[in-house]
Structures are given as structure tokens and as C-alpha cells.
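Undergrad: Listed below are the residues making up each chain.
Number of protein chains: 2
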Amino acid sequence: MSLYGIENLPYGVFSGDDGTRRIGVRLGSGVVDLSPLGGLFAASTLNPLLAAGPPAWAAARAQATAVVAAGSSATPLDQVRLHLPFEVADYTDFYSSEQHALNAGRILRPQSPGLASSWRRLPIGYHGRSATVVVSETPVERPSGQLADGVFGASQRLDIEAEVGFVVGVPGRRVPTTGFADHVFGVVLLNDWSARDIQAFEYRPLGPFLGKSFATSISPWVVPLEALAPIPAPPQDPSPHDYLLPPGPGFDLRLTVDWNDTRVSSPPFAGMYWTAAQQLAHLTSNGASVRTGDLYASGTVSGPGRDQVGSFLELTWNGAEPVKLADGTTRGFLLDGDRVTIGGTAIGAAGVEIGLGSVSGTIRPATG
Amino acid sequence: MSLYGIENLPYGVFSGDDGTRRIGVRLGSGVVDLSPLGGLFAASTLNPLLAAGPPAWAAARAQATAVVAAGSSATPLDQVRLHLPFEVADYTDFYSSEQHALNAGRILRPQSPGLASSWRRLPIGYHGRSATVVVSETPVERPSGQLADGVFGASQRLDIEAEVGFVVGVPGRRVPTTGFADHVFGVVLLNDWSARDIQAFEYRPLGPFLGKSFATSISPWVVPLEALAPIPAPPQDPSPHDYLLPPGPGFDLRLTVDWNDTRVSSPPFAGMYWTAAQQLAHLTSNGASVRTGDLYASGTVSGPGRDQVGSFLELTWNGAEPVKLADGTTRGFLLDGDRVTIGGTAIGAAGVEIGLGSVSGTIRPATG
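Sequence order for the protein chains is A and B.
Anchor point for the first sequence: position 240 equals 240 in my numbering, and the numbering is continuous, going up by one each time.
Anchor point for the second sequence: position 34 equals 34 in my numbering, and the numbering is continuous, going up by one each time.
Isolated chain A, as found in the complex (with noise of 0.2 Å):
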């Protein structure tokens, strides 16, 4: 049985041979034209749609469906090009894994190498570069930069994180966990490639900024929220703010992290602290806005296991032990010329399992 079947049908932008953008979904190994139903899908990103709000996503899910289900033809998808889906409006980053920010402080911070305090008080999270989001297959120059005091150059401690995205629609104020579903569209996957290096040396006391900026790829295909089936989230303790409850719904997604042919960890979604809806509650709870097209993604999702980590930096415990992959070589971190794809699927909320597409990226030698 497909990942990909009716049941799924994530949304993307493809071309053909004339160039032309246009909205599709995703069915088995194919895309299934949406432009010639026009309104929302006669558009060139998915912003419109996005836009739109519930009852409309409803609706093109429908037709969506009913498209399908008539047995319209799907152009295999090594027939089109895949673009960004969607205009990027802000992107922000979250930090919700406990098992990752745990790693991360052992390794970045050993003589503090706790939580913070505010950990598990709020969503810690950052504002990323918007204009560097790019979609799965870009390819990833290894940025340059200063790696330690004095010391110029290109990155040699390039990283990968395994994150889950959530793309705005509806823009809003203050919205509650309760309106997570009114505002959200659907869900990316995304890796926000770190050069771990140039990070360590710059964020105090700002945040990373360079080390991140570079590149963040995202996957061709935005699976609605519609198409997933919550789960309980975990417990939480201390127990949130009020404007952090109740919690919202979490979701069972099973990533993988491809090193080449090597299937290097496969992170557990399902164990995140924060929630998407309390991220975004967080996120609008000074009273800053989102709007149609913002992206905010869950942090690296890692779970307790060594083959369940997020990053190169905790898998091989920042390159102390490295990984050895299928061709025999071994990495600390990632090699010119290496490729790495994350995957994911999910129980769906028909009851099977859907696929979430994936996103991939080559790295390239560094230029600058």
C-alpha cells in the first residue's frame, strides 16, 4: 500500500516542461495537477490556500480527494521540477526536545550542562533567516566563517538537525493551544543545517546567527494537518502557564536520518515536550503576530536512544565517535559530496500509515 494514497495527498508546487508553477498533490510516486479546478489552487505557492483558513481547506481537500478518487492521471514525479510550496513570511526555530537540549548542553556547555531554568517553563526558541529556506534537493554549500578565535575558514564541523515544521495560515495574536488547528495548515519536514563550529564561536549572547543562516531546507510536499491523527502529548512537569494549556494534541510522526546509504537514526516525534500548539502559542503570547506563510519548526527531534538522535553533533558525540556507514568509510561530520536525507511517516488519521515526504540535500565544497 502507497504512503501516498488518498488518504494523504500533501500539497506541493511542480513545473513541467513550460516552467509554469503550479499546485498539485502528491499521489503514489506521481503529482496530480490541482490548477485546473482554479480558485485557491490557480496560484503559484500554496500561500492563497494557506490563507484561506479551515472551512476552505476543508473544501479543497475534497477536491482534492475527488479528484482523485475519478482517477485523474499523476505525472511521475522524475517528470517535474518541486519548488519551495510556499512564500516564507518569518521562520523561527524551537528547542523542544528535552533528550536533545540535554546532549547539546553535555556537549557545548560540560561545565553547565544542564537545562537551563526557563527549559521547561517555556518553548525556548529563535528567529531564523527567512530568505535562506529552501526546498529539499537544493544543494548545500559548506559556509565559511570564523571557527574559533582568529581562525577563518570553511566549516569543519558541519551538522544536520531532523526538525518537524508547522506552516502558518491563518495569521493571529495571542493564539491559545485551543486554536492550534485554526491557524495551522500542515506540517514539513526540515533540516536546519548548523555549522557547529562557527556557532560555538559566535552565539553568546545573541543566539546562533551565522552558523544556522546559510541553509534550511524543507520538503517539497506540506502534508495537512487534516491527513495526521493526534496522540496525547507527553506530561509535562512543572505543569505550564495557563497560556501554555491545555497542552494540544502531539503527533506520532517516525523520522529517519539518511548518511548517505546509510540509515544513521530514526528520531521519535512522538516524544517532543513542547507541542506545536504550545510553541505557537508561546510564539504570539507577547503579542506578536504570524502571518500567512510563517514557518516554525520543533527544534531537533531526538529521543533517548543513540540511533534515535536528531544531529551528527550527539551522534557522534560532536565527532569524538564516529559513525561508520554502509561503504565502510566513518564520519564525524559531514564530508563534501555527502547527502543526507530525512524521511518520515505517520499513522494517519484514516488509520494508515502516510508518508511525509522527505528532504534531502548534497554538500557542496565551500566557495567563499
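By construction, these hints were calculated from the structure, which means they are not laboratory data.
All C-beta atoms in this analysis are idealised placements derived from N, C-alpha and C, irrespective of residue type, glycine included.
Be aware that one or more of the hints could be misleading.
[To be verified] Listed next, the stretches of chain B that the computed footprint assigns to chain A, with coverage defined by at least 3 CB atoms under 8 Å from CB atoms of chain A:
| id | stretch |
| --- | --- |
| 1 | 21-28 |
| 2 | 119-125 |
| 3 | 136-148 |
| 4 | 174-185 |
| 5 | 278-291 |
[Unchecked claim] Pulled from the structure, derived: some chain A residues nowhere near chain B, Cβ distances all over 12 Å:
| id | residue |
| --- | --- |
| 6 | D18 |
| 7 | L37 |
| 8 | Q146 |
| 9 | P232 |
| 10 | D261 |
| 11 | A326 |
| 12 | S358 |
Could you slot chain B onto chain A? The hints should help.
TA: Quick look at chain B alone, frame taken from chain A:
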């Protein structure tokens, strides 16, 4: 002599009774409508003009100058509404005043009060929230948030940061410092409103987030670089890496900060350690792109004197040394109803003093 004579002519977007947004230049206390000229002026934001690049900028300025020289009538500013002059793509904020960084370190991190080891090596910065960049006179609602462990409420330490913002016109990657004027169109005054209690609780390890994202105000007038006279930038020790050299121009911008009816500070921009050209070169040194409408800010402008600091954190030494206002009341941080205006002047390219406009905001009580 007017600060807004023919030597200045900053651009803005205004509307009259019919609500239509038009591009104009400020002349004296009025605005001259440029929309009848058509072309790049026939838009509702400055973005098309920003994107057009230096030759078009020079031509536009020549056109505007000719219109003003011909005696076109100006509509009084009290008869128009001023709007955000351009659509903000990515917003980035730096931290490039040594005096401010030293003061902030002493106040906020007394256990390790010096500059971070990277501070003199690179212009430290972070990404902010584009959605909440607002035009002068937009009311600023006091944000609520987590002020300390277990405490949620309205910020009690609401502050300003007096800064200069640089508006990017032409997209680019790896912009050398010598390319500054090929990409940057002009400057605005900027107030990076900051809730110090929210910021202090949240900022480790990923930097400021909700303590800043509720509002960032900019002046309605973009002063083109062509109107400003460059000056030599201050010396830097140690000498920066090659990608940050030559340092590019400094600017002798003289800021003022009025708290209600009292001038509390006059921050001198000329002393900023890192130049705007270095900030842009650093921002793009990792391969990250800048786009039309990107806004990057200098960081709080603070000089060595207590009457030259760009934040109330420094002015009142975190509230410990309140300032007395002209009405006899005292302040540590902002009270509801308080109004702050950041103004500025410069010696222009024509050798006469020109105005940089002003950015004002009034604090409304918290509702969240």
C-alpha cells in the same frame, strides 16, 4: 534653514483622505507627492525603487530634486498618514556599540562582565521578527510573558534601544565591504523595544526572542545614502579578518532620545565599532543571501557618557539610578502612557545639516 530641504529628500509612503498609498519625499514639514512621475514611484511601497539599484536610485533622486526645485507644493504632514515605507523581508539586529555591549555585560552578567571573546572579531547579531516591524506612531502594547521562574505577567522592565537601521535594496550574497553602497539604499531610525525581564529569563542559550519580538518601530522616512556624508570609521583592534576589510564608511549621525518631554540622551553613531558595511559583509559571508527589503540594525547606539546611552537599562543602570523627567517624576523603565521619540540629524553630503526624521511610540497597557 530646514533639516528637510532639497539636500535631504528622504522617501516615504503616505496616504491622504482617499487612503491610497503614494510615494513622496519629505520637504520641510510636508510631503511632495512623487506618484505622478510614474515608473518606480507608481507603487504603494518603496520596494520597486529599492530593487532597482544605484543608477536608478540616482535617477530617482534627480527626478525628485527637479520636482522640488520646480516648486511643487508639499502637503502638510498633519494632513497625511505615514505608512511603513517598505515591506520588510528579513530583519536582523546587530550589537556593534562597544560601550553598549560593555554596559549590558556589566548590568546583566556581573559574574562575567567583559565582552564575549568574539565581540572584537565579528559583528555579533541575531535575527528578529519581520512581522512586527511597525512604523513610527504605532502604539506599543506592553508585552506579557514569563518574567522569572514561575512568574507570568506584564513586563515590569520595558525598555528602548535607539538604533540606526539600514535598508537593503539590491539582493546579494557575499557582499564585500566595498559593495555596501551597491546594495544598501538608505537609513532609518529604529527603536528595538525590549522587555528586559522577559529577555533575561528566556535568552539562554538561543538569544532574545519574545523579549524583542512584540514590536520594532522605524521612522517613516528612508534617508538615501546619497544624502549622507561618509566619515572615517573608528580604528579597530585587533585588525579584522580580510572579509571585513576595508571597513567601509562611518556616518556622523547624531541621535536624540526624548522620554516624554525630556531629552534624556544624545547617542553618537559616529563611535560605533563595527560599520554598516562590515555588518552586511559578515551577514552574507557564510553564503546567506540578502533580499530587497531586508532591514538590518546597528545595535543600540551608546556613547561613553551617561547622557549618550541608547537604552534605559543603561541610563538608569537597570532601574537602580532612576532619571528625573521635566515634570518632576522619576523613571526606571517605561510606564504605561509614556512616549519615546528617537530623532537624529547628520551632516549631509551637501555639507548642510539634514534631519533623519524620528521614530515615536507610546506605551499602552498590557492586555495579554
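Undergrad: Does the claim that Q146(A) lies off the interface hold, with its Cβ farther than 12 Å from every Cβ of chain B?
TA: Q146(A) not clear of chain B: closest Cβ-Cβ about 5 Å, inside 12 Å.
Undergrad: Tell me if chain A covers the stretch 119-125 of chain B under the three-residue, 8 Å CB rule, please?
TA: Satisfied; 4 residues make the cut.
Undergrad: Examine the stretch 174-185 of chain B: at least three residues should have C-beta closer than 8 Å to a C-beta of chain A.
TA: violated (count 1)
Undergrad: Any Cβ of chain B at or closer than 12 Å to D18(A), or is the non-interface label fine?
TA: 26 Å, holds
Undergrad: Compute the least Cβ-Cβ separation between P232(A) and chain B, then decide whether it is above 12 Å.
TA: 25 Å, holds
Undergrad: The output says L37(A) does not contact chain B. Does that hold with a beta carbon cutoff of 12 Å?
TA: 30 Å, holds
Undergrad: Using Cβ atoms and 12 Å as the threshold, tell me whether S358(A) really stays out of contact range of chain B.
TA: 23 Å, holds
Undergrad: If you look at each residue in the stretch 278-291 of chain B, do at least three have a Cβ nearer than 8 Å to any Cβ of chain A?
TA: holds (count 9)
Undergrad: Report holds if the minimum CB distance from D261(A) to chain B is greater than 12 Å, and violated otherwise.
TA: 27 Å, holds
Undergrad: Can you confirm whether chain A covers the stretch 21-28 of chain B, using C-beta to C-beta distances below 8 Å and requiring at least three such residues?
TA: violated (count 0)
Undergrad: Confirm or reject the statement that A326(A) sits farther than 12 Å, beta carbon to beta carbon, from all of chain B.
TA: 30 Å, holds
Undergrad: State whether the coverage of the stretch 136-148 of chain B by chain A holds or is violated, taking the criterion as 3 or more residues with Cβ-Cβ distances under 8 Å.
TA: The restraint on the stretch 136-148 of chain B holds, since 5 of its residues have a Cβ under 8 Å from chain A and three suffice.
Hint compliance for this structure: hints 1, 4 and 8 are not met, and every other hint is.
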